[in-house]
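Please model the complete structure; the sequences and the hints are all you need to start from.
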Amino acid sequence: MTENILSEQNITQYGDNTNFEDAIMLAERLDFLDIQLLRKFYMNGKEHPFDLQPYCFPLLYNEMKVSHKIKIGSEALRKRLDNLVRFSLLEKIKHSNPTNYCPVVDKNHFVRAVITKFFVINGLTKFL
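Using our numbering, the first residue of the sequence shown is number 1, and each one after it goes up by one.
Keep in mind the hints are simulated off the structure, nothing from the lab.
With a straight-line cut-off of 20 Å between C-alpha atoms, the simulated SDA-like cross-links for lysine to any residue are:
(1) Lys65 - Leu77
(2) Lys79 - Leu59
(3) Lys92 - Ile35
(4) Lys65 - Arg78
(5) Lys40 - Val104
(6) Lys69 - Lys79
(7) Lys117 - Gly45
(8) Lys92 - Pro54
(9) Lys117 - Arg39
(10) Lys92 - Asp51
(11) Lys40 - Ser67
(12) Lys79 - Ile93
(13) Lys94 - Arg78
(14) Lys69 - Arg39
(15) Lys69 - Leu124
(16) Lys117 - Gln36
(17) Lys40 - Phe57
Note that the coordinates shown come from a computational prediction; the quantities given were computed from them, not determined experimentally.
Pasting the structure below:
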């Protein structure tokens, strides 16, 4: 029987940036919207170390709807972000209003590998 790659224990375990086979398996299981959300946080087009971007929820929601033309409700987006937080791919800043999310610095290379593998697996490399 196959191991559940999306369990909290496995994601936390894989966050050491060394296990890229697991990045491939995770990339196969995430969908396009999850990857787009991760790209907003981890791949903003700037040079290292300024390439990680935190977001507050209302700004992220507005940007996804207006700029990226992704049709998603605010609660659906919030649930997706909370799932990414639960899997330790994003960090939720406690006691902030509005809710703020930021990338997990220690998992920078792992998440970038997941994003890149997703685009390679699905033949979308020209959109990276």
